[in-house]
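S.K.: The lines below spell out each chain.
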Amino acid sequence: MKPLQQFNDLASRRQFLKSSAMGLGTAAFGALVARAQTTGAQTAGASVGTHFQPKARRVIFLFMAGAPSQIDLFDYKPDLQKQFRKPLPASISQGQRVTAMTLGKEQLVAPSMFKFSRQGKNGVYMSELLPHLSTVVDDLCLIKSTHTDAINHDPAKTLICTGSEIPGKASLGSWLSYGLGRMNENLPDFVVMNSAFWTGGTGNVQALYSRLWGSGFLPSKHQGVSFQPSGDPVLFLSNPPGVSKESRHRMLDLVTKLNQQHLDEIGDPEIQTTIAQQEMAFRMQTSVPELTDLSQEPEHILDMYGPEVGKSGSFARNCLLARRMIERDVRFIQLFHRGWDHHVGLPKKLRGQAYDVDQPCAALLKDLKQRGLLDDTLVVFAGEFGRTTYGQGNLTQTSYGRDHHPRCFTTWMAGAGIKGGITYGQTDDFSYNIVEDPVHVRDFNATILHQLGIDHNRLTFPFLGLDQRLTGVEETHVIKRILS
Amino acid sequence: MKILLATPCLLLIALFASLSLASTSHAKEANSTSPTLSYNQDVRPILSNNCFHCHGSDEESREADVRLDVSGSVDLEEMIARITSTDLEEKMPPADSNKQLSPEQIEILKRWIAAGAPYEEHWAFVPPQVHNVPICQDTKWSDQPIDRFVLARLERAGLLPKAKTDKRTLLRRVTFDLTGLPPTLDEIHAFLSDSSDKAYENLVDRLLAQPQYGEHMAKYWLDLVRFADTNGLHHDHYREMTPYRDWVIRAFNDNLGFDDFITDQIAGDLLEEPSIDQQIASGFNRLHLIIDAGTALPQESFTRNVVDRVSAVGTAFLGLTLQCAVCHDHKYDPITRQNFYELYAFFNNFDGAPETGGRRGLDFKRGLQPPYLELPTPAQAEERQQLEREIADLAAKIEALKAKPDDADALKALTDQLAQQQAARDALVTAIPATLVMKERAEVRPTHMLNRGVYDQPGDLVERNTPAFLPPMVEKEGPKTRLDLAKWLVAPSHPLTARVAVNRFWQQLFGVGLVKTSEDFGAQGEAPSHPQLLDHLALQFVQSGWNVKSLMRSIVLSQTYQQSSQASREEYVSDPGNRLLGRGSRFRIDAEMIRDQVLSVSGLLNPTMYGKSVKPPQPAGLWKIVAMPSSYPRVFQSDTGDQIYRRSVYTFWKRGLPPPQMTIFDAPSRESCIARRERTNTPLQALLLMNEEQYFAAARHYARTLLQQTDLNDEERIRQAYESITSQRPDDATLSELQNAREAFRQIYTADPASTQAMLGGSEDAELAAWTMLVHSLLNLDSTKTRE
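Residue numbers (numbering that gives the first Met the number 0), protein chains in the order written: chain A, 0 to 483; chain B, 0 to 787.
Careful: at least some of the hints might be erroneous.
What the hints assert, rightly or not - Some chain B residues judged to face chain A by a derived CB distance under 7 Å, without partners named: (1) Asp235; (2) Ala674; (3) Ala757.
To be verified - Derived, one-sided and incomplete: chain B residues facing chain A with beta-carbon distance under 10 Å: (4) Leu158; (5) Glu570; (6) Gly620; (7) Arg676; (8) Asn680; (9) Asn739; (10) Asn779.
Rather than coming from a laboratory, the hints here were simulated on the basis of the structure. Ideal Cβ positions, reconstructed from N, Cα and C, are used throughout, including at glycine.
Hey, can you work out the whole structure from these sequences and the hints?
M.R.: Structure (structure tokens):
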């Protein structure tokens, strides 16, 4: 066991001792109800595991599952128009492997049909598909030179989310929970929310796997808690039919007393932990519904997030929920939005996807900013890879698809110590190869850890004979030049 | 994370934690009582963790041509100078390694060098030795070898074992440990009233003979070999291998020798005239994740599958992380890249496609991918033949009629009939059990080492072989086969196979293995807390003919196992994992046992064994957030009737999103081989136990049963409920708490008929509602989910 892990376990045990001391006594559960009213940070474990002063206390990771086209959204390549339907030069493709879908097919250049214009104080190019995000471009750092190893969805998603293409490793959020300890007494520290397209039709959405927010080899208490779009937001949150609050209270009162009695007979402090976890479960029964209840959100805030915010399970709604979680000090929130895998009919589908995320992303940034939360909240946006400059499927000026492309894609970061209004890295004229400042997805993850005060080399866990790290054994660099 | 040690309170914690670890106490003891250090116990862990990364077996990453994993390759004085240097340029380990030696570690290394730097082979790579059973100060406690090895260790630490636990606790413990279920009331009373000397021994034999034993043992094995009902990649389609699970259950129940158990799985298909069971067992080689055709490149998928297969052999049988050597020589263990590909060569001759096929056809529907084995009942086989004959007849008649174009009506009738018969045949075939099996290509596929492990970067050719640091394979004419590999694994001289196996069985019974890192017996794994005991058990195991039941029996009959888990808080805090075995182990039972217990005590458990996986209810919409439109299955549909009350070992396991009732309680996703589960205690677990639909329904069911027993008064009902759920009798204080609570619940539900109706589906029976809450409370006790 590593000192950090020992510390966390003991720190939480200490915290349990403290909280059970409050919770026990003659009215075993009386104190709990009172505490359930107070939400927000009880920062017992916060930042104990940092290696240096963090810039970010919390992170929102907007994951675009399926891989958005960087060429149509961020990576402006005006000269490509002249290359329409011309074969991609071998000097550019450089023997790059392709997927089974386009193996042996001609690689004809498909320029973006979308207009780009300069936005913000530094005139950063943005696609017309992102009018709202364009208004907050001065907060964004576009990383145009992100790249990855895998060419297919499953390994690529597993790589960016867990640091390895092979299932079994711990996800980013679970590393944070393990490394930084508990931050929140009433809510989970790592929350996941899922959504899929609304306007792009009912085409292909790529699969997700709970491993993407799983804890791998770390203890499972660090795994992400997936909030459900319907039913209980947290699995098994609601009392069964007929179990009223009063009845639940009485039941827990009884259970706590008997557990305490047993603890007096047998010395195992694990019983104390059970008591504390039941207390927290009880508090969550209040804190989670309070969190997901949007009825107190004013009209003008709802409007910011756009028309889809009213729909349960929409990306817009999840963005608003993410803001509410940030206010309540949930440390790591990961949104998965599916539907970006545009092998054919990209223009129509991409329009739909952009509609889904453009306004909510912009609203989230503005909303955090106006509450002073963007200063210590890092917001990042990424898919698992990019898309090819050559077309797939029927190729005309206004209709085309694009295949998977691991060599370059655009991601962005905003908030907590990230320079705004800039771009980082350059791709060639085809948006095919990186020509300046490559950022591997490991570097991307290391930078997130860095903003949270963690040296990615030093956050380790022993498993299978290795000191496991989120960033693995390859060389990894924090992207220092985008930090303010 | 050394930075954390900056604050004094953390230093204290680190010290306090190190006291609790058996292996560290070894080092301490060596310091105080013995002038000699053990290389394996004291020195190697320091070198491995701090130095081998750059000065170990991997040539590629070796710095300054210095290696510390073998003797005679380093200037020892220079080594002392470097590890004690204050010059940051000179100091070892270097700052950028994030490793740092503690003063105690430096002291150990100095003493080791002063003694001439003696090396020993890594303990796990040396065959188990015969050790004399220690003579202990206390000669009365037990004369069984297991106990004397344990007691000697305790006495060295100045500790005493605990007294034997009470009969009820012992019964509950051993019943859970051997069958995964709690004892029934009848079993409790039978055991309590048996005052013979042999009562416990007879109980153990009875439990080992129950079919539930095999179901329980299988659960651990299925984690280890990552058994699941879906492919785990991309679409995560359905796959059918449940006959393999049935075979594992039967193998444990029939007490198949563990050597055969291993051989059949690695190479059952290569045995002479393999039995059906041996063919089924060879499906071990098919349990890896597999991608569906269409996105990856088949050659890449092929490579990935073989690596997965080899890794499984490493974790499951050798307790080694072989996959490190896919790209480079292992940094800590003497496994070279060549060693890896020589093992790879045994498994790269699979005669089948590397990706699953298209979505059409019966195979896809049945979750099958050739080669597979069909297991029809005689009736099914006969019916199928019959249908095939009729279909052939009809087809012939139709051909004949086609020659006479006038007879359109007759042709249509026959065509309809044919379609009907074909549908009947397809329905029949779909119902026939089948399972994926291993099959070897006739011609051996050549194996190249892959540069950096990349599928299209072949390097030098290699031949099938086993790593040089382990005993050699028996020489023979012609190419070595998987069967030779299996025989090599179970050869009595093999240092790892038996140790790794007995350690996992020990782990099942004590919560932690003698080697805590049961998945890793390499240099980076933890040294055994009781090395001689481990050797003793391994040797006994092999001598007994790899007899698993006899091993389990000898352990649970030991005094060590039967100790009370009642101890002071200080004792729990100073040895939280009970590594010294100075008390009975107390730990939370696994997810499956928690659910099975709820079903069992409430009387809902359906004990039907074997067959296809079943889907007990889970919250709606879970699969929807991960599935693709053409994932099969895509929508979760709960089973109905008493199928939903089967034991959890039969629960359908979708790798992309396994049942939350299982994963919330630390069950792995079955995407990779897992030799031990973590054991956490979380609010989500508390919510699950409080609110899961089936668990609450079970409370209601049991409450109803209690009330139907009209010959009982309320106190007797409470006593019965308490006893059947916890296996204990309530003391007066507990009884009065329970009575008060029941009265309070009755008042709550009398005053709130709406809640009563909601709970009971329309009935206003406040009495039943109150009893439901009482049972529900008992199911939520810490001791209910704990094996004490």
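S.K.: Going through the numbered hints above, which ones does this structure break? Give me the numbers in ascending order.
M.R.: 2 and 4
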